[in-house]
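**Q** Chains as they are written, first to last, in the numbering used here: chain A, 179 to 258; chain B, 401 to 859.
Be careful, since some hints might not be right.
Covered stretches of chain A, as calculated for chain B (at least 3 residues, CB under 8 Å) [to be verified]:
# : stretch
1 : 203 to 209
2 : 222 to 229
3 : 235 to 245
Calculated from the model, a selection of chain A residues having no Cβ within reach of chain B, i.e. all distances over 10 Å [what the hints assert, rightly or not]:
#  : residue
4  : 186
5  : 187
6  : 188
7  : 189
8  : 190
9  : 194
10 : 250
11 : 251
12 : 253
13 : 254
14 : 255
15 : 257
In case anyone wonders, no lab produced these hints; they're calculated from the structure.
Where a beta carbon is used, it is the ideal one built from N, C-alpha and C, also for glycine.
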Amino acid sequence: MAKNNENDVSKLSFEDTIKELTGIVSKIEQGQISLENSIQQYERGMTLIKHCRQILSKAEERIVKISEENQTENSRKKTE
Amino acid sequence: MRSNKLKIYTVTQINRLVKAAIEEILPPKMVVSGEISNWKRHSSGHCYFSLKDQDSILPCTMWASDFKSVKFSPENGMAVLATGRIDVYPPQGKYQLYVDKLEPAGIGALQLAFEQMVRRLEAEGLFEQMHKKPLPPYPQRIGILTSQSGAAVDDIKKSIWDRWPCAKLFLYPVPVQGEDAAEKIAAALRDVNGRNHKLKIDVLIVGRGGGALEDLWAFNEEVLARAIYNSKIPVISAVGHEMDTTIADLVADARASTPTKAGVTAVPDMLEVLGQLAHFEENLRSKAQWKLELCCENLNTFLAGAIFKNPLLPVQNRQQQLDELCAKLTDLIKETLAAVRNKLHAGYVQIVKIEPHRLLGKKTVELSDLKNRTDTAIRTIINRLQIQLTAQANHLVGLNPKAVLTRGYSITKNKSTGLLVRCLDDVQPADLLITELAGENLIESEVKTKQNITVRNQD
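Let the hints inform the model, and build the full structure from the sequences given.
**A** This is how it looks when you write it as C-alpha cells:
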C-alpha cells in the first residue's frame, strides 16, 4: 500500500499534488479525524511536499539551463 | 363616219407608234430627279418603283444587274437622281423609266451608305462600350494587319518600339484598298483569332495611312466591322486621319487617330513603367522595413515582460506556496499532538481524583451482598427443580417397558436375528431363542415345533 502511494505521488502533477496537500491541511485543521489518521495524513503530506520540491528544483534547473544556452547563443551571434 | 377616211389601228400598232415617237424625240439617256415612292424589290432582284414630284409620277424599273452596283439602300421618300431611258411597256400600255444608275440627290452615295450602315450596326449594338475588350496593359506580342508596302507599317512599328522596345511584332500583310480589301482584312482577322492558341497575340492593330474617302472604304465595310467585333483578341484601329471616323474605328476596342499614334494606344511607355517599378520597389522595401521594425518592437515588448526578466518567477512563487503549506502542515500536526497531550493530562488528573482504594472497599461490600443474595436465590430454584425432577423420574419408571417383567412377563428375541419374536413367522424350527426375565435374567432355548393354537383348536 505504501509503495503504491509512493508510485502515485511520483506520477502526480504539481497542481494535483498541491490540491491534495491543501485538502490534507484542511482535514487536519478541522480536527475531526483521529490522531492515528492525523499522523498518517501528515506523513502523506510530507511525501507530497518532497515530491513538489523535486518538481520545482527540476524546473529551476531547466530554466537556468535554457537561459544560459540562450545567452551563449546571443553572445555568439553578437560576436559574429 | 367611216367615210372620214380615218385609219384604224390595232392596240399593238398604237403602242409601237408611241414607242417609235419616243425613241425619235427623247434622248437615249436622261437623268431624272425625283422622290422614290412605292419602292419594291422583287425576289428576283429586280426593283420596281416610282419617281414623283409635286404634280406627277413616273413609273421606274431597275434590273437586278444594274441594282448590284448601287451602294446605298433606296427608301421611299428619298430624293434621288435616276439615270436611264424612257420606253413603253406594251403589256400595261404605259411608259416608264428604265433606270441603270441610281444615286442619292444632294449627298454622295458612299456617304449615304456609310451613314446607313452606321445606323444599322449601332442599332445592333456593335459600337456599345460594354462590348469593348480591355487592352492588355503590358502587351508582349502585337499583331499588325496592314499593307506590307505602305508607310503605315513603319509608322506603327516605330511608334511601338519608341515606347516599348520589348514588344514582339507580327506583321500580317493585307491589302488596304480596292474591291475585296475589306473581305481580305476580315479573313486575316479571323485567321489570326483561329490560330491564337499558338500565336498568343495580346493585341491586334488594324490600319493604314490616310487617303480619300474612297481609299479608306474597306474600313467602312460591314464585313470588316463584323470581323473586328467578333475578334477575341482586342483590336486597335489606326486609320489615317483625313476622314473623321471609319466604321472600323467605331467597332474597334480602341482607336488611334493615325498609325503614328498606334503605339500610344497599344503600349505603355517603358520609362514610365520603369519609374513605376522603382516606385513599387521603394515602397515595398520601406513597407517591409517598417513591418520588420514593428515586429522587433513587439518582440522587445514581450521580452521586457516579467516572465522573460525573471524566468524563475513561477517556480519561486510555487516554492513559496509550498513552503507555506509545509509550515502550516507541521504547525498543525504539532497542534494536534499538543491537544491530544492536553486531553491525556486532563484525564490523568481526573483519574487521580477518583481515590481507587475507597472505591474498592465499597465495591467489595456491595459484591458480597450481591453474592449472598444470588446464592439464596439459586438454592431456592435448585430445590424446586429437584422436587420436580423426582416426580418426573417416578412417572418415567412407570413408563419403562421392562417394569412389566417384574409382573411375570418376559421378552423373547430370536438369537440369530436379534429381533423380538412377535409371531410364528419370526422363528424357524431349531432357531435359538433368548428370553429376558425381570432382574436382567436370561434363558436360552431352542424352537422344536411351530404350532398355531387357533388352527389346532379348529381341527
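**Q** List, from low to high, the hint numbers that the structure doesn't satisfy.
**A** none
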